[in-house]
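Undergrad: One letter stands for each residue in the lines below.
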Amino acid sequence: MSAAVHGEAALPTGSLEEQIDVWRRYLARARAVDAADADELEDHLRAQVADLTASGLSEREAFLVAVGRLGAIDDVSREFAREHSERLWKQLVLWDDPSSGSERRDTRRRALVRALVLAAAAAFALKLPSLLGVPFVDGADDDVTFYLLNGPALVLPFLGAYLALDRGMGWRAALRLLLAPFLVLVAVANVYPYDALGSTAVLTAIHLPVALWALVGVAYAGGDWRSAGRRMDFVRFTGEWVVYYVLIALGGGALTAIVVAGFAALGLDATGFVSGWLVPCGAAGAVVVAAWLVEAKQAVVENVAPVLARVFTPLAALVTLALLVATLVRWDGADVDRGLLILVDVLLVLVLGLLLYVISAREPPQGRACSTGSSSGSSPPPC
Amino acid sequence: MRIEKDLVAAAAAPLVLGILAEGETYGYAILGRVAELSDGRMTWSDGMLYPLLHRLERLGYVEASWLSAPTGRRRKVYAITARGRAELAERRDQWAVVSAALDRVLVAVTPALPPAEARA
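Residue numbers (the numbering used here), protein chains in the order written: chain L, 2 to 384; chain H, 98 to 217.
Each hint should be verified, as a subset may be incorrect.
Stated by the list, open to error - Derived DEER-like restraints, expressed as beta-carbon distance ranges: (1) Val23(L) <-> Ala161(H): 26 to 34 angstroms; (2) Asp52(L) <-> Leu199(H): 56 to 64 angstroms; (3) Val118(L) <-> Arg152(H): 35 to 43 angstroms.
Treat the hints as calculated values from the structure; they're not laboratory data. Cβ coordinates follow ideal geometry from the N, Cα and C atoms, glycine included.
Isolated chain H (complex conformation) (with noise of 0.2 angstroms):
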């Protein structure tokens, strides 16, 4: 099962912001735990990261700075900010919403849907 794009992009800010949560890292790290995460169902190309991290450190969510790699590079790392919790803390209770609705709704019709077996 391949998740819609347009559901992958409205999850990838809260995703990515849950990963820094669990610790400061890098775009690939990054990358690899949201495969990680999602059984590897979760994909995008991988360039887009970079933009959305970008983005997330102009609104202060997240903080970067170079470190050296174990290679000699100098490597880009992100740590979650204190407004980035609150903003992760506001996206959870909205995700909750939106998931307990859908819940709801797919509890009551799943009965009427075809079963995993028939669509493949």
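Only chain L is shown next, with the shape it has when bound in the complex (with noise of 0.2 angstroms):
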């Protein structure tokens, strides 16, 4: 959240009308707040502006001053989330409260479809090699590296797209930004000659993803990937990406022992399916569907992944630690094992990402709660 959610901090000076409306733009963001509630202020700030005025105020004074007192946007919207805590959680599946304005409410459906098919692609690109000859399970080393190398590039296409359609990309930014990058990297990775499961192909794999998430991240920012605030806030999507990503495997690895048990039980084996066909699906849906989860309850259930990144940054720490002594108590020399300098550099993007990630979801430094600054006095909650 920038200062901007303050309303009165970044007002534009148009007219009355055109004030009101980039208010309300504000107050829409707080999703406790819902369009009946937003009209209800409206009038309110409408009778407080008029009283003013006829005081003898301009209409721009009386407008500050209106706001003023109605309090932070941010305070006020909490103060509706304590009451309407129902709403939070209707938002997160619910797309059709009545109440809430009708362009939000298909704007709400136009993603949830579009994640939807999007997260359909991603399975169906996943699979599709092994409809064309290369085996997902039991396939040689050959086959093996090729998904260790791949995997990622056939699913993170839709994820990109997902975010890409998302924030509006036109098709030449999307072209030179997102596409031609992918296909160099996709084509690096794919043209180097590699042992098959060899340190290389192992390495390559590792780093693929990263580089590809990267990329994931100028989709974000709306091919903006200069901006630092949009950088940041895919540092934290990233983050809430992985809670929810880790959620839905949790949930979906429950079902799957659930269906192979069930079908057991009534003496069919169901395991062929399921490492064929559901596991890996799954696993490429939920990447989109987890985007679409993050992006559709932003502001919600944010202060989770923070939290996580809390606990495990210390601990992650502390693994880090373990394995640099022990890698110095057993140093011989040049000849230390490569798959440990492969270990560690997973820590260390591991930690790199811990790291961002709790500095990105501390609270800008400025009191945010406290801005009321007006003739008004302050009022429950404290700042």
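From the two separate chains plus the hints, produce the assembled complex.
TA: Okay, structure coming up:
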């Protein structure tokens, strides 16, 4: 959230109607405040402005005072959230809440349909090679290497497409910033003559997803990857996406176990279907669905991921330290196991992610809750 | 003199119910009446009134309906219900007990407290 949330901090110098319009848009971001509440607050604002202008203030002054008296939108929406906590849950999936504006409802539904279609496409893309003769289950080392290298490259484009479509990225920008770098990366990764399952292949398989994820970030920023704010948003997005993905994986795992056990009890062997179709398709589809969840519930459950990151940062530091000490103790010249180096590499990516995430989750230092700063008194909840 | 925040919060619900018992009205007018009744000394962020009204509505103490205001926009108007009146009577009795107890102790110790001029 930026300082702009405080309504009065970033008002344009337009007419009263324009100012109220902008204010409504800030208000609409607060998910606990629905359209009817916003109507009610707007009615209040207009009545206050009318009174203040009648007593001699200019419209602009009256508007500023009225907005200030209403209280910081953050505070008010928090108070609404306390009273209407059920709305926060509804907004996670229920886009048919009759009280919310039809425009917002349509956007929501479009995003869901887009996510589901792209999730299905991602699942299909992951299965496509196996339909063309590269077996996914029980393949030779070559085939395993192929999936190690290209699994993420088969799925992540659909996540990128989802985000790029959501941000309304133009075709030309998408071609230049997303598709071209993607093709170059994948081509380079596939042209190299690997030994099947050799260290180089594994190393590439570890790093390619990181590079591709950076491209997802470009899509997330709608092409505006130079904006530091958007990059930080993407770091937050990454953290929340991981949390949602793991949650989906846990649920999916439990469901899969029930499917296998259920069919086994009936004397049917479902493991082939499960490992050949259910798991890969589910894992691929969940990539897009998790992104949709992060976007759909923005600002509702955003506190989980920073907490997890804070818990795991010291643990990750300990593990890194332990590995480092063990490496030094076992050190015998240049002959360090390459597997360990690769592992440490993965660990560093993890630590970097955690660190960035903790930093990004930190609240901006300027007191964001105490900004009313007008003639009215302060109010519960305290700053 | 400004009234302490917690005291305002505790008085807000009975105050709003009392104002609605005078007749049905809408949020902005309720705040105007609060200012009038307290000589402008009880204030809170205007936006906080609405979650309170919604809570009273959920509890069944008030009923809300949308009317069209003179401006052509719609306006949400609140009216107290029978349950709301019962609740208000209950709050009034509670308030009387608290107020009587405070009065008794404060009257007794007032000579020992600094006068208003001295505190300013």
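Undergrad: For each hint, tell me whether it holds in the structure or not.
TA: Results for each hint:
no. : hint                                        : in the structure
1   : Val23(L) <-> Ala161(H): 26 to 34 angstroms  : holds (27 angstroms)
2   : Asp52(L) <-> Leu199(H): 56 to 64 angstroms  : violated (35 angstroms)
3   : Val118(L) <-> Arg152(H): 35 to 43 angstroms : holds (41 angstroms)
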